[in-house]
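Colleague: The primary structure of each chain is shown beneath.
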Amino acid sequence: MSLVGPLLLATFLFCVGIYGVIARRNAVLVLMSVELMLNAVNINLVAFQNLLFPAEAAVSGHLFALFIIAVAAAEVGVGLAIVLNLFRTRATVNVDDVDLMRW
Amino acid sequence: MLIDWVAIAPEIALTITALIVLGADLSLRGEAKQLVNPLAVVGTLVAIGFTLYLWGDERSTFAGQFVINDYAVLFKLLFLGSLLAILGISWRFFAEGRYFQGEYYFLLLTSFIGMLLLPSARDLILLFIALETVSIPAFVMAGLRKRDLYSSEAAMKFFLIGVLSVALMLFGMSMVYGFTGTTELAGIAEAVGEGESVPLLLASVMLIFVGFGFKISAVPFHFWAPDTYAGSPMPVAAMLAVASKAAGFAGLIAVAFIAFEPLADVWAPVLGVLAIVTMTVGNLFALQQRDVIRLLAYSSVAQAGYILVPFGLAQSGHLAVNDAAIQAVLFYLVAYAVMNIGAFGVAIAVNRRTGMRSISDYAGLSQRSPLLALAFTTFLISLGGAPPTVGLWAKYWILRAVAVDITPFGIALAVFLIINSVIAFFYYLRVIRTMWMDDAPAGLPALQPGFNLSVVVVVLMFGTVLLGVLPGLAGNFADVVTLAGG
Amino acid sequence: MDPQTAGWALVVALFLPLAGAGLLALIPARLDQQIRRAAVVITGVSFALVAAITAAFDFGDAGTLQFVTDVSWISAIDANFHVAIDGISLPLFFLTYLLTFLCAIYTLSNLPAPGKPKGFLGLMLLLQTGMAGTFVAFDLILFFIFWELVLVPMFFMIGMWGGPRREYASVKFFLYTLFASIFMLVAFLAIYFQAGAETWSIPELSAAAGVGGTTFQTWAFLGIFFGFAVKVPMWPFHTWLPDAHTEAPTVGSVLLAGVLLKMGTYGFIRIALPILPEGAMRFAPMIGVLAVIGIIYGSLCCLAQTDVKRLIAFSSVGHMGFVMLGIAAMNEAGIQAALFGNIAHGVITGMLFFLAGSMHERYHTREIGVIGGGMLVKMPKYGVLLTYVAVASLGLPGLAGFWGEFAAMWAAISPGGDLGDAYGGLYLGLVIFAAIGTVLTAGYFLWLLQRVNLGQPPARWADEPLDDVLRIEWVSWVPLLLLILALGVFPRLVFGVQDAAVTNLMSFVTG
Amino acid sequence: MDWMLDYAWLVPALPLLSAALIAAFGKLMPGKGSELGVLSLAVAFLLSVGIAWETFTAPAPMEPVEHAFEWSPLGGGFVIELGMLVDGLTAMMFLLVTLVSLMVHIYSREYMQGEPRFTFFFAMLSLFTFSMLLLVIANNTLQAIIGWELVGLCSFLLIGFYWEKKPNQDAANKAFLVTKFGDVGLIVGVIVLSVPMFGASGSPFNILELNQAAADGAIGQGTIVLGMLMIFLACVSKSGQMPLHVWLPDAMAGPTPVSALIHAATMVTAGIFLLARLYPVMAQSLLVMSVVAVVGVITLFFAGLVALVQDDLKKVLAYSTVSQLGYMMAALGVGGYTAGIFHLFTHGFFKALLFLGAGSLIHAVHSNNMSDMGAMRKAMPHTFWTFIVGSIALAGFPLTAGFFSKDEVLVAGQYWPYATGGLVFWVGLAAAFVTAFYMARVCFLVFWGESRSHHPPHESGRQMVAPLVVLAILSIASGYIGSPVWDDDNNFGTWTATPVLAEADYPFVADDELGTGLQGGGEVLAGGAQGQAGSASVLAVEGEEGEGLGAGSILHGPPSWHLDVLLMALAVFLAAVALAWRIYGRGKPEEDPTLNMGPLTTVLVNKYGFDDFGYRYIVVPVRDHAARWASWSSNVVLDGIVAGAGKLTRDAAMTTYRVLDQKVIDGGVNGAAFSAAWWSERLKRVQSGDVQRYAAVLVAGVIVLVVVFAAAR
Amino acid sequence: MTGHDLAFLVVALVTGGGALLTVTSKNLVHAALFLAVTLSGIAGVFLVLAADFVALVQLVVYVGAVAVLFLFGLMLTRAPIGREALDNQNRGLGIAVSGGLFVVLSVLVIGAFGGTTAAEVGGPRVGDIGMVIFNTWVLPFEVLSMLLLAALIGAILLARRETGDSGEEQAPTRIDMGTAPSMEAERMARLEGGDDQAELTAGGDPGPAAGRGEGRA
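For the protein sequence lines, the chains are D, B, P, Y and F, in the order given. Here the numbering used here is used: the first residue of the first sequence is 27, the next is one more, and so on. Here the numbering used here is used: the first residue of the second sequence is 36, the next is one more, and so on. Here the numbering used here is used: the first residue of the third sequence is 351, the next is one more, and so on. Here the numbering used here is used: the first residue of the fourth sequence is 11, the next is one more, and so on. Here the numbering used here is used: the first residue of the fifth sequence is 901, the next is one more, and so on.
Isolated chain D (complex conformation):
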C-alpha cells in the first residue's frame, strides 16, 4: 500500500484544522478544528507504524497515537471549560470578540 496516501490525507486534515482555527468565530468550532489537527497526526503515526515499521518492538507509533488521543480529550475538556467560563463572563463564544488586550 502506498504510504503517501495516508500522509497526504493527514496533511489535508491538518491544514483544514488550521483553517478552522483561524477562520471560525465560534470557540467550540475552533476547538473542533483543533481536534482535526490532532487526529491528522494520529493518521501519520499509525500509517508509519503499520506501513514502515510494523515490527518495531516499542510500538511507538501506536502508543504515541493513543497518548495523543488521551491528551486531546483532556484538552477538549479543558478547552470547553474555558469556553464555558468565557461565555459566563462575556455572554459570547465568539473568539474574535475576545480582544480586550492588545499591544
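Honestly, the hints are just simulated from the structure, not real lab data. In this text, all values refer to a predicted model and were calculated from it rather than measured experimentally. Take the hints with a grain of salt, since some may be wrong.
Once the Cα atoms are required to be at most 25 Å apart in a straight line, the calculated DSS-like pairs of lysine-lysine come out as [claimed, not checked]: (1) Lys-176(Y) x Lys-673(Y); (2) Lys-42(Y) x Lys-731(P); (3) Lys-731(P) x Lys-176(Y); (4) Lys-657(Y) x Lys-731(P); (5) Lys-175(Y) x Lys-731(P); (6) Lys-673(Y) x Lys-657(Y); (7) Lys-175(Y) x Lys-657(Y).
With the hints as your guide, set chains B, P, Y and F onto chain D.
Modeller: Quick look at chains B, P, Y and F alone, frame taken from chain D:
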C-alpha cells in the same frame, strides 16, 4: 524491568504532595485552607532534598527514557527553586483573592511535575506528555480568576495558541518518527546522523521547534505571552514567564542538542535568526508598554531571544561550542528565574491591594516602600544585564559562547544582543526613573508587602546581587553540561 | 605596611566605602546632619588609609605591582580577584579617594534638591568603590565588573539630584556607556578564547607580548576601543558628556570629570596597549586624528555655549583629546603625558565643577548671560578662584594643566614604533592643530571670565546678598587648589611616580 | 665673586618670594606690600650688577655657566630640567629687567596710591618680574616657554587691571589671545627643535646643546627653518611685530607703570631675547634671517608712521615701541646680534623713562590725551627734563644711548651682504626721521604752547621723580656700554657673545651660490651704500672669507665710529625736529604753522615756499594720508583681521555646536533611538488582540521557517 | 494500486469531505455532526491501515465522547443553533495560510515518501500494545494519568458555577488595567458606541477609581 525509584523520587514526592494538597483542600474549611500553601512548600522541600541527593549521580531508567545527571538535576533544582518562590508570592495573593486555593496549588504542582520530567526525558513521547503536563494545568491556572474578563481571555488565548503549537509540534514529531522509526532521542540522533537529510525531515525538526518556541514565547509564537501574563493571576504569570519558559528550553535543549545535533548546522542559523527577531521585536514592543506586567511580558520575550542566541551558535560535532552554548542557556535560565520571579513579586506586591499596574502607578515607589523600589531596581538592572547583578553574568556566558569559536554569524548575534541590551535599558530605566525620580501621588499609603512576599523578594534580591558578585555559586557548569548528551 | 605583603590594606581601602554605604543605610534618614558627617568620616578614613598606602608604597620599585591580592574568585571561568597597585594606578587611585573625600565634605553644606543625603552619599560611596576598583583591578573580568559598577550609582545621582533634564541625561549616560562596554566585554572574551590566552590576568596577558595575530588584534582592539572611547569620551562619542555634566549635581559632575572619564584612558593604557600592541599601532593614527578633532571641536563647542557647566563639560572633550593624543603617540612620553593629563584634568575640571555648582547655588542659573558679570565685585574670593582655575585649565605653565598638554604634543612629534616613519607628517600636523587648540581653549576661558567675573554686576544681582566662599567650601576646595599648583610646579609628583611603571608597560608595546 | 654666577638663580627667586609674600601678607604691611617688592628687586638688582660685573670681566667669550637639576622625568628616559644659564646675554637682561622693574616698583608706590587693588598690583609686578627672569635665566626651551607664558598671564592680568570697564577687558583678552596664538608657534617650534636632540642627552630642550648642535651643522635645514619660523611666529606676536602688533597699543589700557615695565622695557623684548638666545640656530638659515629682517623692517617703518597721528600720549609711545622692536628684529635679521640686543638694552631704559614720564603727566592732568596737556614744562620741570632726555635718546640724538644702539643697527644693515641689509639701513634711516619727528611733536605739544589741562597740573612726588632721574641718566649712560670707547677685545659684543656663537660657521653663503664671497655677494646683492661693507676691518675675522659667513659678521665685531652714519643720523634728527618745531612749535597744531616759526625752524628750513612745499607735499601727505592710511590699516584692517578671525572662530564654534554636535552627532544617536520607537509604534499593531490573527501569523511564520529550513539543504 | 489503496481512497474521501464541511458548515450542529463523521472516517482509515485497536479507541473516545462533549458545549454556551455568520473576517487569511501550508507540506511529503509503498499492511496486535504500555511506556502512562486528573479538576473548576471559597457568586470583576490608553480608549469607544458586550462589561466593572479607593482604605 526494574524501575529506579530513586531516580524519579523528586517527581513522586511532588505527585504525592499534589494529591495531599488536593485532599487537604477537600477536607479543610475556611481559613484553614490556607494550610495548603505550607503543605506544598514542605513537599517542595522534600523534592528538593531528593533532587540534591541525586546530585552527582548518573542514572537511567524506563528503558533509557528517563535519565538523571547533573544537567537534569540542575534544571530540577531550578524548577523547584522557582516553585518555592512562586509558592511564596502566591500566598497572600490567593488567600486574599478568595481564589481556589487547593485547586490552584494542585494544578501548580502538577505543572511542575511535568517540568521536572522535561530535563530527564529522552523520548519524544515522554517529552510530549511532560510538556502537556506543564501546559494543561497552566491553561486552567491562567483562567483561574473566573469572573475576570481578562483572566478568561488570557486563558482562551493561551489555550488556543498552545494547542495550535502542540499540534504543529506533534505533526513534526510524527514525521520524524516516520523517518527514524523510533521516538528515542538517541535513536533519532543515530538515524538522522546516518541518513541523508530530506527537506521534509528538516521541516519536521522546525515544526518540533515550534512547540517549544511557543513555550519559550519566541517570535512569532509569542503572541499569547503579553495578553496571558497581563490577564492571568500574577503568580501564574510569573510561573509562565519563568518556570514554563525554562521548561520549554529544557525540552528544546533535549531535542536540539541530543536528537537533532547532527543537523545543528542547519537549524542553528534559523534559531539564531529567530533569536535576533525575538529579542528585537520583544524589546521594540516593550518600549511601547505602559503596563508593568505587559512590559515584563515583552521583556521576557526579549529575554527568550537572548537565551536563544546560544542555539544559534551550535555546530554539529563541535563539542566545545555546544557545551558552551548549553552552559550559557543554563546559566541564563537560572539568572532569569531569580530576577524575573523577583520582578513579578514586586509587581504583585504593588498590585495586590490597589490594583495598580501601570508604570505611572509606580511613581514614588521609593517613598512608599524603599525596599520594594530597591528590589525592583535590582531586578530590572539585572534583567538589563548590568553589574553587580547576576544579569551581567547571564549575558557574559552568552558572549563567552560566542567567543569560543568566533564566526561572522556569531558576531552578528553578539552585536544584536548588545544593541538589544541597550534598547532594553530604555524601558527598564523608565520604570526605575519613575520609581525613584517621580513623586508619589498624594495620599497613597505606604506599601506593606506581606511577610512571605517580602522574604521571597528580599531573598531573590540578595540572590541577584550575590550571584552577581560570586557567579560561581550557581554551579560549576563546566562539569555539568557535558552530560547533556548522555 | 610592607608593600609586598600588605595586600589586605588595598582590599580594605577598596571595600571600606562599600561597607560605609551599608553603614549609612542603617542610620535613620531623619538624622540628616549625622548622615553627612558619617559620610565624611567614612571617606576620610578611606582616604587616610589610601594616604598610608601611598606613604608605604615603594616608589623605587614603582614598576612592579605592590599590595597584591590574587585569589581565585570565579573558578568556573578562571576569574581571579586580583588587585594591586603600581605607579600608573597610584595617582589615579589616590585622586579617587581624595575627590570623594572632598565631595563628602562639600556635601556637608551643599546638597541639591531633593536632599536625602542618605541615598546620595550611599550612592557616592558605592561609586567610589567602583571607580577605585577600576584602577587597581588586574583581572579583566574584575576590571569589567568595577567598570560597570559605576554606571548605576551615577545614573541615580544624575537622575535624582540632577537638573531639569536629568532624566534624559541620566538615561543617555547610562545607555551610551553600557552599550560601549559590552563591546569591550566581547573583546575581552575574544582575547581569552580566541587568541588562546586562556587567562584574564592583565599582567600575564601583557607579558605575552601580544595575543593573537595582527588581524585578531585589530578586531579586538576595535571592540575595546569602542568601550573606552565612549567613556573618555572621544569625538564623536562624546555627546553624552555635556548632557550628563550639565544635569548632574555638583558632586556628580566632579566625580564624573575627576575620575570617571579617567577610567577610559586608563583602560587604554592598562589594557588595550600592552595586550594588543599591534592593534594599537594600527589604530594609533586614527586615535590621534580623533583626539585632535576632539581638541578643536570641543573648544569650538565651548565658544558656542551659554551655560557655564555645559561649557566646562565641552572643555573636557578638548582636554581629554590631549590625553588621547598622548596615547596615540604610542611612546613612553605619550603615556606619561596622558596619565599626567588625566590627573591634571581631574583636579582642575573637578574644581571647576565645584565652582560652577556653587555658582549655581548662588545665582540659581548657569546662564552666562544672566549672571552677566561682576562676580569679582559681588564675590571677590570666588571670582579669584574661578580665574585661577580657569587659567590652570587653559594650560598655563606652572599650573597642573600645562604638563599634560605640552608633553602630549611633544610626545606626538616622534610617535613610537614605526609610526614615525609611516605617519610622521600626520603627527606633525596633529601637533600643530593641537597647539592651535590651546589658543581656542584660552579663548573660551577668557571669554567666560570676562562675561562672568569682570565688569559691574547687573542690576538684578546688585542688591542680592550673595555669599562669598563658605567655610566648608574652603575646606573642600583648598586641597584641590593646592594640588593644581603643586602639580604644576612639581610635575615629578606624577611623572616620577609613573616613570618606572610606564617604562615597564611600554616594554610590552614596543618591545 | 665667582659665587655670584652660581647663585644667579637668586635673581628670579627673590621676586617670586616677594610676590608670594605680598600676596600672602601684603595687606597687613604698612606699605601694603610694596616695600617687599622694592626690597627684593633692590637686592636682585645688586646681584645682577655683581653678575654683570663677573660676566663682563671674564675672559671673552665667556663659557656660559649652566646649572640644572632634573625637574621631572618625562618618559622614555627624557627629563625636564629646571636650570640656569648665565652668560653675557643673561647678565644684560638681568640688569635691564631688575633695574627697570625696581624703578617701576618705586614709581608705582606713588602712582598707584589709593588704588583699590594696590597690593594685588604689586604682587603681579613681582610675579611678572620673576616670570621674565625665569625666561631669561632658562637653560632649556621648555623652561623658557614657562616664563614666556607666565609673563603673558601677568600682562593679561595687568592690562585688565581696571576690569570694571569693558574696553579694558577686551584689551586684556586681545593681548592674551594674540600672544597665545603666537605661542602655538613657540610650542611647535620648541617641539620640532627638540626632535634632533633626542640622541644628545636626557634633556632634549637644552639650549646650549641645541645651539651647539646647530652650529655643528647637526640639525637639518628643514628642521631649522620650520622650528625657527615657528618660534619667530611667537616672537612676532610677543614683540608686537606686524601684523600681530595689534594688541600692543590696546594694552595701554593698563596702568602706566605696567606699560613702562611690561609693554616697553621687558616683556615685549622677550621675542628679541629668545631669538638672540637661539641665534646660533637661527643663523643657520638665510631664509629665517631674511624673514626676520623683512618683518622687522616693515614693522619699524609703518609703526613709526602710525605714531605720528596719535593723540593719546601712551599710544604714541606704544607705536614707538613697536617701531623700536622692529629695529631690534631687523638687526637680528641682518646678522646684528650685538646690535639687536644692545638696542634692546638701551631702549628698555629710555622707553621706560618715557612711559613713566608720560605716567607722571597723565597723573597730573588725569588724561592720556596730548590735547589736554600743553605747557607742562613750567608746571612739571623734572618730568619735562627727564622726558626730553628720553625723547632725544629715542630719537637718536648723538651721544645718547639711542644714538649708539640705533647706529649699531644701521651699521649692521650696512654690512650685511644681502638685500635685506640695505633695506634695513635705508628704511631704518627713514624711520629714524619719523621717530625724531613724532617725538618732537609729542614734546612740543605737551610741554610747549598753552595749557589745555582741565586740572591745574602739579609736579609728581619724589618717588615718581626719582626713577625718572635714574632712568634719564641711564638713557644717556647705558649707550656707552656698547659704544666704541671700548677696545676690540673687551666690549659689549665680547661680553654678550658665547663661544658657540663666536666659533660657529654659518653655512648659507658657502652653500648658496648667490654669494660665494662676502665682498662679491655684498656688492651684487646690497648695492651702493655698503660697497665696502665686506671689508675685513669691521669684522672680527674669525671666519675665512669666501668660504662662508663667519662668526664675525654675526657678532658684528667691535663697535667703531662710523662717521657717515653718525652724520646722517644727526642730519635726520635735526631735520625732523626742525620740521616738527615748524609745525608744532607753538604746541597748537590747529594754528597755522607759518605763524610761529621758532628759531630751530629758521636754522634748518629758511624758505617759506619750501616749508609750504614740505608741509603740503611731504608732511601733509605723510602725516595726514600715509600715516592715516597706516593707522587705518593697522586699526581697521589688521585689527579687523584679528577681530574677524575672532568672529570667524565664534561663528565656526556656533556652527560646530549647533549643527554638527547637536544635530548630526547627537541627532544621529537620538535619531537611532527615535527610530526604534518609530518602528515599535508601527510594529505594535501586529499585536491586535485577535487571537486568531495571532494564530494566522504563527502559522505563516511556520511556513516561512519550514520553507527556509527545508530549502537549507 | 492495491485493494488497500482503493479502500483507503474511499475512506479518505469521506474523511476529507467531512473535515471540509466541518470547518465550512454554516450550522453549528451540522458542523458537529460532520466532525463526528470525520472522526469516524479516521477510525476507518485506521482500520484500513490494520490498526484495529487504535481505531477502536478512536471510535470510543472521539465519536463516543468528544463529539458528544462538543454538542454539550454548544448547548451550554447557548450558541445560536442555526445559520449565523460563523466565520470571522480572517477567512481569507485562513485560506491563504492553511492552503500555503498544505502546498508546502504536500510537496515535501511527496518528495520524501512519494515512492514508498509497503508490500503488506500489518502492525502490532493488541496484546503487544498492552505489553509495551506497562513495560516501555509506563512512565508516560502514569504521568498521563496525573495529567488527566489535573485536566479533570481544572475543567470542573472552570466550568462549575459557584466561585471562591465563600461559595458566594461573585460579580464579574476585572482588574484595573492601569492607564494603558489604547485599552482604555477602546473601552470608552465601545461604551459610547452602545455595544452590548461593553455594557455588560461595564456593568460589573468597579472601574479604576473604585480600585484605587480600596487601596486607600
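Colleague: Hint by hint, note whether the structure agrees.
Modeller: Now the hints, each set against the structure:
1. Restraint check for Lys-176(Y) and Lys-673(Y): not satisfied, since their Cα atoms lie roughly 34 Å apart, outside the 25 Å limit.
2. The suggested pairing of Lys-42(Y) with Lys-731(P) holds, with an alpha-carbon distance near 19 Å, which does not exceed 25 Å.
3. This hinted pair checks out: Lys-731(P) and Lys-176(Y) have alpha carbons roughly 21 Å apart, not beyond 25 Å.
4. The hinted pair formed by Lys-657(Y) and Lys-731(P) fails the criterion: a straight-line CA distance of about 32 Å is larger than 25 Å.
5. A hinted pair counts as satisfied when its Cα atoms are at most 25 Å apart, and Lys-175(Y) with Lys-731(P) qualifies at roughly 20 Å.
6. Among the hinted pairs, Lys-673(Y) with Lys-657(Y) is consistent with the structure: their alpha-carbon atoms are about 22 Å apart, no more than 25 Å.
7. Between the alpha carbons of Lys-175(Y) and Lys-657(Y) the distance comes to roughly 21 Å, so the proposed pair stays at or under 25 Å and holds.
Consistency note: the structure conflicts with the earlier hints numbered 1, 4.
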